[in-house]
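Participant: One-letter residues, chain by chain:
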Amino acid sequence: RKEVEQDPGPFNVPEGATVAFNCTYSNSASQSFFWYRQDCRKEPKLLMSVYSSGNEDGRFTAQLNRASQYISLLIRDSKLSDSATYLCVVNQRGENTGFQKLVFGTGTRLLVSP
Amino acid sequence: DTAVSQTPKYLVTQMGNDKSIKCEQNLGHDTMYWYKQDSKKFLKIMFSYNNKELIINETVPNRFSPKSPDKAHLNLHINSLELGDSAVYFCASSQDRKRGVNTEAFFGQGTRLTVV
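Chains A and B are the protein sequences, given in the same order.
According to our numbering, the first sequence is numbered sequentially starting from 1.
According to our numbering, the second sequence is numbered sequentially starting from 1.
Chain A on its own, in the form it takes in the complex (with noise of 0.2 Å):
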């Protein structure tokens, strides 16, 4: 089982929709969540991070159920330059190094048409 599932997408919906993704994760010790986004042939870069409490960044939501080991993303009126592979990183510090190391899910893509 990998340590961080999401489903790959792609997600293909029209300007405007609303749209969630949903990550899982399997290390109950992770101690921080983010959500990267990826352009095509592009670098990963932050788009937020994730807190317990539920965080909200203009369009962009995002949840942590750290119960059930779920994070979820959700994003409100779509545009075309949304379109982008979401991924959900989960950050591990190691108990011995002290040091984080981020995990990522495999990413779920998404495309945003006009």
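Source of the hints: derived by calculation from the structure; they are not laboratory data.
Owing to the predicted nature of the structure, the values given are computational and were not obtained by experimental measurement.
Take these hints with a grain of salt, some might be off.
Stated by the list, open to error - Here are the computed lysine-lysine pairs in the DSS-like style, where the Cα-Cα straight-line distance is at most 27 Å:
| no. | chain 1 | residue 1 | chain 2 | residue 2 |
| --- | --- | --- | --- | --- |
| 1 | A | Lys45 | B | Lys36 |
| 2 | A | Lys45 | B | Lys67 |
| 3 | A | Lys42 | B | Lys71 |
| 4 | B | Lys19 | A | Lys79 |
| 5 | B | Lys71 | B | Lys36 |
| 6 | B | Lys9 | A | Lys42 |
What the hints assert, rightly or not - Just so you have them, the derived chain A footprint on chain B, three or more residues with Cβ under 8 Å:
| no. | region |
| --- | --- |
| 7 | 19-31 |
| 8 | 108-114 |
Said to hold, decoys possible - Part of the chain A face toward chain B, derived, beta carbon under 8 Å:
| no. | residue |
| --- | --- |
| 9 | Ser32 |
| 10 | Glu43 |
| 11 | Asn91 |
| 12 | Thr97 |
| 13 | Phe104 |
Each residue gets a CB set at the ideal place from its N, CA and C atoms; glycine is no exception.
Starting from the structure of chain A, add chain B where the hints point.
Facilitator: Only chain B this time, still in chain A's reference frame:
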């Protein structure tokens, strides 16, 4: 100014060759990483270094040897290249410190390695 820069951007080489990829960050971060993204787009950590010291080595074949001459540079040397090494290699850096708060990782543009 590019925060994390890696060279070359593209690398095509024959099986059995030895090649290096260079990475430099000008963010003043203490921690640098190498990630491999395979053909299925799965991004997996290979190594991390903090202040030139190896922290993470994720069971990568010893044909891969990272070197960190200083905390701003982390290079990756690959010996005896194999077809399966074809992938995109990303360098990244973060302000991570031992038992510190969790921080964002900044990635370079990637090096697309093709072994023929």
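Participant: Run every hint past the structure and note whether it holds.
Facilitator: Checked hints:
{"no.": "1", "hint": "A:Lys45 with B:Lys36", "result": "holds, 16 Å"}
{"no.": "2", "hint": "A:Lys45 with B:Lys67", "result": "holds, 25 Å"}
{"no.": "3", "hint": "A:Lys42 with B:Lys71", "result": "holds, 24 Å"}
{"no.": "4", "hint": "B:Lys19 with A:Lys79", "result": "violated, 41 Å"}
{"no.": "5", "hint": "B:Lys71 with B:Lys36", "result": "holds, 21 Å"}
{"no.": "6", "hint": "B:Lys9 with A:Lys42", "result": "holds, 11 Å"}
{"no.": "7", "hint": "19-31", "result": "violated (count 1)"}
{"no.": "8", "hint": "108-114", "result": "holds (count 3)"}
{"no.": "9", "hint": "Ser32", "result": "holds, 4 Å"}
{"no.": "10", "hint": "Glu43", "result": "holds, 4 Å"}
{"no.": "11", "hint": "Asn91", "result": "holds, 5 Å"}
{"no.": "12", "hint": "Thr97", "result": "holds, 5 Å"}
{"no.": "13", "hint": "Phe104", "result": "holds, 4 Å"}
When each numbered hint is compared with the structure, violations occur for hints 4 and 7.
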